[in-house]
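A.B. asks: Sequence:
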Amino acid sequence: MLKNKLYLYGGDAITLPAHLHVGKFMLNKFKSFGTFDAFINAATDERLTFKELTQQIVKIALSLAHIGVKRGHVVSICSENVMEFLPVVYGTLAAGATFSPIDVTCEKAALLHRLNLVQPKILFFSPSGYNKHKESVKLLTFIEKIIIFGEPVEKTVGFKDFLTQDASVEDFEAAPVNGSEDIALILFSSGTSGVSKGIKLSHLSLLIYIQEKDDVLSLGLMTLELFEWYSSYGLTLTFYMHQKGSTVVFYNNADATKCFEIIEQYKINVIPTTPTILVQLMKLKDSSHYDTSSIKVIFVSGTICDESTLEAIRKRMPNALSVCQYYGMTECGGICHPIHGQFGYRAGSVGGVRNLFVLKIVDVETRQPLGPNQRGEICVKSPSLMKGKYTQYTVSYIMFNVYRYIGETIDYLDEEGFFKTGDIGYYDEDKYVYVVDRIKDLIKFNNYHVPPAEIETIILQHPAVREVGVVGAKNEEFHELPTAFVVLEPGAQVTEQELVDFVDKHVSSKMRLAGGVRFLEALPRCAGVKVDRKKLRLML
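full-length UniProt numbering puts the sequence shown at residues 1 to 540.
To be clear, the hints were calculated from the coordinates, so they are not data collected in a lab. Please read all numbers here as calculations on a predicted model, not as lab measurements. Treat the hints with care, since some could be wrong.
What the hints assert, rightly or not - Lysine-lysine pairs mimicking DSS-like chemistry, simulated, CA-CA at most 27 Å apart: (1) K134 - K145; (2) K315 - K296; (3) K3 - K31; (4) K160 - K70; (5) K31 - K51; (6) K145 - K132; (7) K132 - K31; (8) K440 - K315; (9) K387 - K3; (10) K132 - K535; (11) K108 - K59; (12) K59 - K160; (13) K381 - K420; (14) K108 - K134; (15) K51 - K70; (16) K420 - K534; (17) K534 - K315; (18) K420 - K296; (19) K59 - K29; (20) K5 - K31; (21) K381 - K5; (22) K3 - K381; (23) K315 - K285; (24) K121 - K145; (25) K121 - K134; (26) K70 - K31; (27) K29 - K70; (28) K534 - K474; (29) K132 - K474.
As the list claims (entries may be wrong) - Label pairs and their computed distance ranges (CB to CB): (30) E173 - Q461: 51 to 59 Å; (31) S308 - G516: 19 to 27 Å; (32) E365 - K474: 53 to 61 Å; (33) N178 - G491: 52 to 60 Å; (34) E264 - K315: 12 to 20 Å; (35) E264 - H449: 21 to 29 Å; (36) H449 - A347: 19 to 27 Å; (37) K474 - E173: 55 to 63 Å; (38) K258 - H449: 14 to 22 Å; (39) L2 - A109: 46 to 54 Å; (40) K474 - R375: 22 to 30 Å.
Cβ coordinates follow ideal geometry from the N, Cα and C atoms, glycine included.
Please work from the sequences and hints to get the whole structure.
C.D. replies: Right, dumping it as structure tokens:
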């Protein structure tokens with residue numbers, strides 16, 4: 001078959017283990033990393049070496065098997081980032097079971113929805129997570145055991161009491177799985193377009209997901225973890241960092257000042273981050289005295305980052321060899337990366353297509369493939385694509401503890417098997433990819449489709465603005481009016497008109513803030529870092 005000249009093809013250079021078992025793969029990697037630190041809790045300086053992590057994985061896997069966990073069962077954690085979190089994840093996979101993280105910040109309805117979808121047999125909690133959700137989980141009879149990271153309360157089991165089994169690492173063998181079919185992770189979508197969906201990743205998908213032929217990370221490099229492990233990006237990012245032998249330094253809810261302190265104290269080499277966090281770092285006053293010379297790599301994802309912010313970071317941290325953004329999705333992993341651009345880094349681009357991926361841009365209306373510099377929906381195909389989604393269950397069956405899952409109401413694959421990302425983008429003549437915005441987030445203003453991310457980028461350049469989210473306010477005459485929700489920097493003052501005028505100076509009339517500005521104390525966010533635009537629209 002001939003390649004389609006309008007499609008972009010990644011390379012084939014990736015090595016997968018014959019066993020296709022993520023748990024076994026990670027365990028074998030960790031064995032070779034020895035006494036290098038796997039984790040450091042920057043709040044307490046508590047550390048766990050890879051050697052200690054490997055032994056913990058064996059203990060957890062055997063203890064899970066001892067209480068009946070096996071292939072096909074689901075284990076969940078509802079907790080903030082703690083030292084026990086990732087060992088339980090790796091131990092679950094080594095036991096042949098499926099892991100699904102639960103957002104500890106969920107309210108009752110969202111928590112029950114997610115738990116009802118995945119039906120974990122075992123549920124781990126942090127003490128604070130259990131105190132928040134204990135009444136809700138009492139309603140769920142499919143949870144056979146609740147284990148607390150700490151001392152047991154009521155009818156729960158303490159983590160130390162759970163660890164009843166042990167063996168030498170040499171004598172341990174991970175439980176067998178069918179790597180191409182068995183589900184390793186069930187990760188939840190942000191829920192910005194409705195209720196959260198459980199995205200199922202097989203062992204094969206995850207192995208492709210977390211491997212990349214690059215020199216970004218290596219054994220002993222210090223990586224600052226700013227994401228929650230209950231978020232899909234935070235969890236899979238840590239898999240990627242750990243299989244490279246990187247030390248993960250974490251701190252819950254670190255502000256800009258704390259980030260600089262951690263960078264200096266632990267000589268951080270790599271920072272995975274988001275545009276919002278980058279802007280906060282750049283706007284921190286009197287940060288020049290912090291030593292950031294150890295930083296080598298900063299890579300940005302989550303939302304679009306403007307080139308001016310990236311350039312400002314390069315000037316602030318001149319020792320960084322690479323400051324760039326890349327593009328990926330929970331459903332299929334990393335799609336594009338600057339290292340795959342044939343001419344190196346290119347401003348504004350997320351780079352070239354990753355190995356084992358095929359990408360096309362299609363017209364949103366006709367679904368026909370487009371050529372260079374034509375905007376359309378980004379569609380991708382890869383063996384890392386999810387196995388499917390858990391979406392709904394029939395409520396009438398709840399009392400009998402039996403659930404029947406209903407298929408997607410919207411087909412997420414096209415007739416060629418390409419995944420429809422829902423993102424607008426394009427590629428240039430040199431096959432560099434550019435992401436513009438989400439289709440569902442585009443604002444239809446006076447017959448133009450306005451990408452809110454472009455307006456947000458401009459507003460964030462104002463020194464008084466800390467965070468911003470832009471949505472469309474319904475209007476009979478113009479359909480939707482671009483409207484900004486703004487969080488100001490502490491002590492900063494600016495009027496609505498000043499911000500409207502600021503945007504007007506930088507954009508054409510079709511992108512002006514016709515809906516004005518609303519000021520908030522904080523922006524609503526989905527799990528992880530994304531602004532919850534659905535909640536912003538409800539405020540209009």
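A.B. asks: Name the hints, by number, that the structure is in violation of.
C.D. replies: 3, 7, 8, 11, 17, 18, 20, 29, 32, 35, 38
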